[in-house]
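Asker: Protein chains in written order, with this note's numbering: chain A, 1 to 249; chain B, 1 to 471.
I should point out that these hints are in silico values taken from the structure, not numbers from a laboratory.
Accuracy of the hints is not assured; some may be wrong.
[Stated by the list, open to error] Listed next, the in silico BS3-like pairs over lysine-lysine satisfying Cα-Cα at most 30 Å (straight line):
#	chain 1	residue 1	chain 2	residue 2
1	B	K387	A	K174
2	B	K83	B	K73
3	B	K430	B	K155
4	B	K221	A	K23
5	B	K83	B	K46
6	A	K23	B	K66
7	B	K66	A	K24
8	B	K221	A	K45
This one's a predicted model, so the numbers in the text were calculated from it and none came from an experiment.
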Amino acid sequence: MVKQFWLVPCLVLLLTTPSMAEKKDVTFPGADGFNLKGTLYLSSKPGPGLLLLHQCNADRQVYDTLGTMLSTAGYNVLSFDFRGFGGSKAGEYTDFAAQRQKIMDRMPADVDAAFGFLTAQSLVNSRALGIVAGSCGVNEAVHASQRHPDVRTLVVLSGGTDAGGEAYIKNTPKLSIFGAASEEDTEAAAAVKKLVGVSSNNYSQVEMFKGAGHAASMFEKQPDLEADIVIWFRSNLPVGGYGLPPAIK
Amino acid sequence: MATKISAVLLTIGAFLAGTALVAKPVTEGADGSLTYYKDVLPIVQKNCQGCHRPGQIGPFSLMSYKETRPWAKAIKNAVAARKMPPWFANPQYGHFDNERSLTQAEIDKITAWVDAGAIEGDAKDAPAPAQWPEGGWMIKPDVVVELPPYQVPAKGIKEWEHFAVPSPFKEDTWVTSVEILPSAPAVAHHLCFDIARHDPKTPYNLYEWMEVPRDEDGVMKARDGNTQPREGIVVTRAVGSTEEKRRPGRAVIGGGNQFCYLPGLPFEDYRPANAGVFVPKGSDILLNLHYTANGVATTDNLRIGFTVAKTPPQKKYVPQFGAEDDAAPTERQQANAQLAIPPGADNYPGPPATISFLRDTELVWFRPHAHVRGKSVQYKLIYPDGKEQIVLDVPHYDFNWQLTYRTSVKIPKGSKMIVQFRYDNSPNNKYNPDPTKWVYYGGQSWEEMGTPNMGFIMDREANEKDFVKEQ
């Protein structure tokens, strides 16, 4: 039975409604059934989905602080270990150095599986997606955005992309890109500058540091970088979804 | 296993502990440098914590040094660029009581603090903690109305729906501020209401809206300058039900935009002007609800908070379109049907609004409203003697921050206000969903509007019916 009026006029005696974020370890299958380990950082409310791709000399733990900050800011975030890294070491994938090409070949499908898992979460707006990627993950991020047109912005740390990725970036003005690297990390810095340089999005930008290290390792020496990334997403992937094509169909 | 991390405060605090994010606290600016407690916290309390605290819209909390420090550089950049606090009025024109821009001295102080290493300083130098209302409120409401949970689907078009509930006031009451608080602001395009004496024909517990013929892109077919047909197919749905009933005719539930929640709009407050809104006992709250599906199914729990006056205020608020006992103080003409923004246009002028003042009045707020292609708006007042004055200029309109600009402009009868909105339908507008489309007048976010909302006050005892348009 419908409550009459649903109206509760009262003198104010209200409980606080703090913003709740949730962090939990998860396991999801790759396309071949291999179990990938990840961490979900869920905001308390529906919002865009972000995928965090780690560099090849680290694992998903490098994004623990960033994941928490992003979920607090309204994003639903998944970081995961590529096979052969962190918690995703099993079977024939236990040593990245020894199985580099084999693992790299599997990365696109693993990224797709991660997107599938992320967008299946009830709080994730699958029309509003973004990626943070470091070093070897950058090329994967660019090509993943090509396969998933609902990826609307990228954050790339100390890494570049191939000719196909550059062509996609050049021809996709809606894709905004924030790049960061450390100057003495010369190859990575040049790659980031080149990648952002070909972007046809007016808001794309690059930030260079000195003596900061490589990819997510920069967070330690540049404590403002994680905050900058959160601000980037708030400016380029609104939590409210305004600016997206209408969710009609 | 899921780990709940409670609140922004705990979240930020937790990850700061034991990380290298925070430099070892310096307890004092020994060289006389600025410190958080002495120099920065007073600015943050006054200008930032209203939104940057748990449960509010700010993406992070700034309630303590530990919470603030990671964002130091971002704060510096935002205030130096005057992106924060959000305020869009051109300082060359008008004076606004609620202006929340920082002074240059405050910006310089924050910049110097960050550049010197964002020193914490001595907690003994801190001002007393700011007191904030609980429950997510900005005001501290005396009375709260809770609406039934509203289910917003992941996809589809939600038309403007009207809904009536009895007001909570059993006696004649003067309301002095109003805050409309959705729990799911991401799907709230606007949530507005009027207060009106109860009409026996007005049903409670029923959502009612007009069916709007649209094309496959969701664009309204009728380009007559209205957001919905005045007559056509009326659709209703009872609270708690998903069944929709249709009948030909006109809608019976009213509901306008006297009080609104809009993205970025904090609350309506008449206290600074010693004014209030008179709510006769037995009135209804007539809501005009516009939710927008954004891709995720969501439930909104809407609350409305009121503060009430113990004694009648000196002045009363006058709705721009009048109310039951009050004639409208203004008359507006605007050829909305002519709004047609070409693809790619980056500074397209919409049809201007011409507002005629039918009586001497005091204008106390502006609340311009456009959608995601809105770029700028300017209000120009033309006095009866021909003198012109720009009273509000917003060079960078932002749909996400639809602010109220509170002012006091005495306007003599016979004056006119010309309001000009401009639109950016180019790819350079990051909020533009599709720069290849023509855009026409309509009520959905992907259509456009250019509504020059304004608010007025008058002496409490004055009878607006005495003021009629001269023939």
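Asker: Please go over all the hints and tell whether each is borne out by the structure.
Answerer: To see whether the hints hold, each was checked on the structure:
Note on K387 of chain B and K174 of chain A: the hinted pairing is violated, with a Cα-Cα distance of about 45 Å set against a maximum of 30 Å. For the proposed pair K83 of chain B and K73 of chain B, the alpha carbon gap of about 14 Å is at most 30 Å, so the pair holds. Our distance criterion of 30 Å between C-alpha atoms is met by K430 of chain B and K155 of chain B, whose separation comes to about 22 Å. Between K221 of chain B and K23 of chain A the alpha-carbon distance is near 46 Å, which puts this suggested pair outside the 30 Å criterion.
Of the pairs offered as hints, the one joining K83 of chain B and K46 of chain B holds, with about 16 Å between alpha carbons and a cut-off of 30 Å not exceeded. For the given pair, K23 of chain A sits about 21 Å from K66 of chain B by alpha-carbon distance, which is consistent with the 30 Å threshold. Between K66 of chain B and K24 of chain A the CA atoms are separated by roughly 24 Å; this keeps the pair inside 30 Å, and the hint holds. With a CA separation close to 34 Å, the supplied pair K221 of chain B and K45 of chain A exceeds the 30 Å bound.
Against the hints set out earlier in the document, violations occur for numbers 1, 4, 8.
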